[in-house]
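Q: Letter by letter, the chains look like this.
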Amino acid sequence: MASASTITAEREHYLNADYGFRSWLLTTDHKRIALLYLISITFFFFIGGFFALLIRLELLTPQGDLVQADTYNKLFSMHGQVMIFFFLIPAVPAVLGNFLVPMMIGAKDLAFPRINLLSWYLFIVGGGVMLYTMLTGGVDTGWTFYVPLSTAYLGTHVVLAAVSIFIAGFSSILTGLNFIVTIHRMRAPGMTWGRMPLFLWSNYATAIIQVLGTPVLAITLALVGLERMFHLGVFNPQLGGDPLLFQHLFWFYSHPAVYIMILPGMGVVSEIIPCFSRKRVFGYEFVALASIGIAVLGFLVWAHHMFVAGISLYSAMVFSFFSYLVAVPSAIKVFNWTATMYKGKIYYSTPMLYAMGFIGLFTMGGMTGLFLASLGVDVHVTDTYFVVAHFHYIMVGGMVMAYLAGMHFWWPKISGRMYPEAWGKLAAMIIFIGFNLTFFPQFILGWTGMPRRYHAYTPEFQVLNVLSTAGSTVLAVGYLLPMVYFLWSLRYGKEAGDNPWGAAGLEWKTASPPPTYNFEETPVVTWEAYNYDELPEEVPVVG
Amino acid sequence: MEKIISGKVYFTVWAALMCLTVTTAAVSYVDLGQFSIVVALLIATLKGSLVVLFFMHVKYLNVKTTLLVIVAGFFWLAILLLMTMTDYITRAWS
Amino acid sequence: MSDSSQALATHELRHHFEDMEQQRDASSMGMWVFLITEIMFFGGMFMAYLLYRYEYFQAWQEGSQHMNFWIGTINTAVLICSSLTMVLAVLAIQQGRRRLTSVMLAITICFAITFMVLKGIEYHEHWLAHEFPGSAFHFAGIDPRHVEMFFVLYFVMTGFHALHVLIGIGLVSTVLYMNSRGHYSADYHNPIENVGLYWHFVDLVWIYLYPLLYLIGHHHVG
Amino acid sequence: MFPNFPIWPVRAATSASNLDALFIFLLLVTGMVTIMIFILVTLFALRYRHDRVEKATPILGSLALETTWSLVPFGIFLIFFVWGAVIYFGERTAPADSMDVYVVAKQWMWKLEHADGQREINELHVPVDRNVKLIMTSQDVIHSFFVPAFRLKQDVLPGRYTTLWFHAIRPGTYHLFCAEYCGTQHSGMIGSIIVMNPAEYEAWLSGGGGEGSLASTGQKLFQQLGCGSCHRSDTQGRGPNLVGVFGKPVLLEDGRTVTADENYVRESILNPGAKIVAGFKNIMPSFQGVVNEEQLLSLIAYVKSLQGSQPGGIVSNRPAVPNVSVRPRVK
Chain A
14 MASASTITAE REHYLNADYG FRSWLLTTDH KRIALLYLIS ITFFFFIGGF
64 FALLIRLELL TPQGDLVQAD TYNKLFSMHG QVMIFFFLIP AVPAVLGNFL
114 VPMMIGAKDL AFPRINLLSW YLFIVGGGVM LYTMLTGGVD TGWTFYVPLS
164 TAYLGTHVVL AAVSIFIAGF SSILTGLNFI VTIHRMRAPG MTWGRMPLFL
214 WSNYATAIIQ VLGTPVLAIT LALVGLERMF HLGVFNPQLG GDPLLFQHLF
264 WFYSHPAVYI MILPGMGVVS EIIPCFSRKR VFGYEFVALA SIGIAVLGFL
314 VWAHHMFVAG ISLYSAMVFS FFSYLVAVPS AIKVFNWTAT MYKGKIYYST
364 PMLYAMGFIG LFTMGGMTGL FLASLGVDVH VTDTYFVVAH FHYIMVGGMV
414 MAYLAGMHFW WPKISGRMYP EAWGKLAAMI IFIGFNLTFF PQFILGWTGM
464 PRRYHAYTPE FQVLNVLSTA GSTVLAVGYL LPMVYFLWSL RYGKEAGDNP
514 WGAAGLEWKT ASPPPTYNFE ETPVVTWEAY NYDELPEEVP VVG
Chain B
11 MEKIISGKVY FTVWAALMCL TVTTAAVSYV DLGQFSIVVA LLIATLKGSL
61 VVLFFMHVKY LNVKTTLLVI VAGFFWLAIL LLMTMTDYIT RAWS
Chain C
252 MSDSSQALAT HELRHHFEDM EQQRDASSMG MWVFLITEIM FFGGMFMAYL
302 LYRYEYFQAW QEGSQHMNFW IGTINTAVLI CSSLTMVLAV LAIQQGRRRL
352 TSVMLAITIC FAITFMVLKG IEYHEHWLAH EFPGSAFHFA GIDPRHVEMF
402 FVLYFVMTGF HALHVLIGIG LVSTVLYMNS RGHYSADYHN PIENVGLYWH
452 FVDLVWIYLY PLLYLIGHHH VG
Chain D
862 MFPNFPIWPV RAATSASNLD ALFIFLLLVT GMVTIMIFIL VTLFALRYRH
912 DRVEKATPIL GSLALETTWS LVPFGIFLIF FVWGAVIYFG ERTAPADSMD
962 VYVVAKQWMW KLEHADGQRE INELHVPVDR NVKLIMTSQD VIHSFFVPAF
1012 RLKQDVLPGR YTTLWFHAIR PGTYHLFCAE YCGTQHSGMI GSIIVMNPAE
1062 YEAWLSGGGG EGSLASTGQK LFQQLGCGSC HRSDTQGRGP NLVGVFGKPV
1112 LLEDGRTVTA DENYVRESIL NPGAKIVAGF KNIMPSFQGV VNEEQLLSLI
1162 AYVKSLQGSQ PGGIVSNRPA VPNVSVRPRV K
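Residue numbers (the working numbering), protein chains in the order written: chain A, 14 to 556; chain B, 11 to 104; chain C, 252 to 473; chain D, 862 to 1192.
Some clues are possibly wrong.
[What the hints assert, rightly or not] Just a sample of chain D residues kept apart from chain A, beta carbon distances all over 10 angstroms, derived:
1. 977
2. 986
3. 1018
4. 1020
5. 1094
[To be verified] Listed next, the stretches of chain A that the computed footprint assigns to chain D, with coverage defined by at least 3 CB atoms under 8 angstroms from CB atoms of chain D:
6. 77 to 85
7. 281 to 292
8. 316 to 326
9. 348 to 360
10. 514 to 524
Since the hints were made in silico from the structure, they are not lab data. By construction, the Cβ of each residue, glycine as well, lies at the ideal position given by its N, Cα and C atoms.
Bound conformation, chain A alone (with noise of 0.2 angstroms):
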């Protein structure tokens, strides 16, 4: 195999083969731009942080008194548009998608590389317009743009917001419809389908969804901005329209757009927990179409999100028992993901320590999602508490805590350096503590009855409230400390090696950090993926 020696001092790799702004603004190697990317979300994650931890402040107290009702509006509307599109969808697949897909199917680049760039760009100029649309004032329509509110009774800049999403979009678009291309036309010879990893298999059905379900979003931006803009009526009842379609346009993105948020994640533990538990994964064909499976299944679910919204109810049945079925590959994940562990040589490393908060966390979620689906149960919780907590489980505890644990898992492969073990695991602590109280309560919340989006309210919802905001404030210690762990190391941390977990995996197989065509020769695969059976029993880093 092409492995690079370990001395690297004089090694030639991606962030030293040429230097300089230009080298990096109009690179078109997928690890630059994955870094590029890194950088961007990073800071937008903390952008959506910062507006979360105000509106946790907010509720401190029942009454309205940190902020003015329409401020309070603006920054949970603003968090969730930018924590959506400019962070969690992007977060796996255009980071560690990026950095990894072709890594890992044995390939020099993405298909097409020129078009990754063009599609980080677009994810600039689009969070460039969020930010002015910020800087200028904001928009308060949730991030759900809910017509006729938002196209004809909000002052705000609704159609910036709306510009930048749809930019924004294009930039999902493109990172998917390369990600298909690649994984279909570009696997190094040996690399079936049967073989590829699974964090391939769900980076390809999260790409499927991008690529289907975007342009639908798109286009209803365009008409919302084009009704707020011209009257024109398409949704606003008052010029005849019907605002259900909206919802239904809208749900029809933003319900795959979920799994575009998990799916990835879900790759990410099942890279992870095979390495730290040094076995193959427990029913890989089972996990690999499951991903497919809930690609699928997930379009046909959209309308659970307006049980309550005037729907026929013939018609919600039909999407409720769809909602049940899409649960089944997810449970089907979970189940396997567990059996995986059992007599395996566990290592309690960080990356595992994130997995292994994901398994509980997501279940979490998940089984909340049952509640949801249920006609009878949603019509009481949803537009609660129940709901925002629900989905907090799925994209920060699942999500975030995956894109966590992933980027621990590769840094050493992206910076060629370790991050400090004892930081890692002190972070990782922290952060499912200072979630599970922050999030915990809520769902009681919701079940007493608190309405969601509510910036003043009822006294006996204090208590939990008090504890929610308490906990987000460990979350915010938890989420600071890898990010100054990871600057840290990349000076002082130590040199990595080409495989420092001992894991499968082509990209393992290469120098850390890689070099810029990512192999010396294409490589030539003969085994199955996860051949943990036939690789050293320790790992080396943490064992």
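Starting from the structure of chain A, add chains B, C and D where the hints point.
A: Positioned in the frame of chain A, the structure of chains B, C and D alone reads:
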């Protein structure tokens, strides 16, 4: 390597498309009630298929995955249209 | 297949592909994936059309009667002809006939411009007839609110289609220019093929817009 | 129990009792599975710690297990699905003997009107042990009528009526929240549902100074607007006779049939050309912008009240009250 299709095929397809356009325009003068739209869409689908199969070379594809991509595209469009309509069509039932 | 074109083709192989075959397949598949995103993009508008036609059937019939049937029909023919010349351009370059390719591309552009001019005339007529949605909209018949919505969807759908035609003109012009500079040959012509696919897609959308907008209410006039 | 730390909302309606049973069932089942997974993960992590195990045992998978943990959850999900759907159907189909209350939502208040003519703002007084049906619409954006103590919620849409019904079982004062984000003062759009004993309710009713029933207000408006000159109660009118129409199927000019419910009457007033009754011409002017939401509701209440005013139902020779099953289409 790619297949080269003779110009004759293209001209034939073009002639068929023009004929179908004239047909659908002519049929629109006849009041077929509910079936007007059905006939119009059938003809459109026929025309569309000709364009996709011949002009877009789908009939001659050497990569079958592309076929999968196309089928997926239309399948998802059907999901969007049909699943949304289940709501509106069944509202009057209750 | 001459030596020089072979050399040129190899020059066009981008570093991360193994061979021309892989590059060609990837680029064609990429284009198709892009086109299905376009299907879904127009799909949102078709959804709106379908729903409101179902709910406000009569308004839709009324609105459709105010379309310019003849311009619509002629434009359908114009786009079909442009599709033919586009596919002939691809055929010509497959055979290495660069000059013919350029001629065919140029004719395609002419057809596209004809389409746009006719479309412009049509819009202008609607403008004069106060059929632009908004405060100036005027319609004396049943259910004017929903007839106005028919016009909204008419303008949005044909507007986005026209935007695609404009982009198409830009793309065809680009490959025409590149072709005249000798960039393409029998061995390397992915860009022309892909622009062709795009152009046929634009035609395909119109093939559906034509009956949905122009024909559904036509027999009342005829 | 804990006034500042409730963990279970009050149960004040039949719908709440139904739902709580399902919720507890869901809690038990999902709770058990969640705890099982937590225990397994912890157990495996401890039992197979790297220093306790020589070498991992390679296991590829097990078809039997995969099938089990696909089908068993699916079976359980089906129970959740059916149970949830039954509750949903029940709480969305109002019994025939319900008393109607009309709700108009606007940024940022609730306006409620009783059939007897009492009007309230942000408060709704209802008797205990009666079926109450809410017919709701919005003047501006989408709102949502949410009563946690009843476990009920329904979005209130502009341009359309949505309905909700409940049967309160416990006197008291309960929260009414707007649950759909509706702009600046969304969190201020709250009110109370006051469930009273029948006697108290009667006292409250007589105390409130209503100006006659909603239907009678509607009747006055009907005459004021001159509706009666066409919609005559005999067969000679230029518009359909409205007596006994409400709730019945209506045959339309284009051959379709619709039920004359609140939404249909509303549309026929605001947009008369949309669905013309078979045998009539499109001559009625639109009342869009002429009548407001509350006036519309009173007109609808009036049309509804015409139901029983002619017992036996005089069959007219014009298709004003078409009963599709017996009436031929008149052209």
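Q: Next step is simple, just say for each hint if it's right about the structure.
A: To see whether the hints hold, each was checked on the structure:
1. No beta-carbon of chain A is positioned within 10 angstroms of the beta-carbon of residue 977 of chain D; the least distance is around 27 angstroms.
2. Every CB of chain A is more than 10 angstroms from the CB of residue 986 of chain D (nearest about 20 angstroms), matching its label as outside the interface.
3. Its closest Cβ contact with chain A, about 5 angstroms, brings residue 1018 of chain D to no more than 10 angstroms, contrary to its assignment away from the interface.
4. Not every CB of chain A lies more than 10 angstroms from the CB of residue 1020 of chain D, the least distance being 3 angstroms, so the non-interface label is violated.
5. Even its closest Cβ contact with chain A, about 32 angstroms, leaves residue 1094 of chain D beyond 10 angstroms, as expected for a residue assigned away from the interface.
6. Taking a C-beta to C-beta cut-off of 8 angstroms, the stretch 77 to 85 of chain A contributes 3 residues in contact with chain D, enough for the three needed, and the coverage statement holds.
7. Counting residues of the stretch 281 to 292 of chain A whose CB lies closer than 8 angstroms to any CB of chain D gives 3, so the stated coverage by that chain holds, three being the minimum.
8. Coverage of the stretch 316 to 326 of chain A by chain D holds in this model, with 5 residues showing a Cβ closer than 8 angstroms to a Cβ of that chain against a need of three.
9. For the stretch 348 to 360 of chain A, the stated coverage by chain D is satisfied: 11 residues place a CB nearer than 8 angstroms to a CB of that chain, which reaches the threshold of 3.
10. Counting residues of the stretch 514 to 524 of chain A whose C-beta lies closer than 8 angstroms to any C-beta of chain D gives 0; at least three are required, and the coverage claim is violated.
Going through the hint list in order, the structure does not satisfy hints 3, 4, 10.
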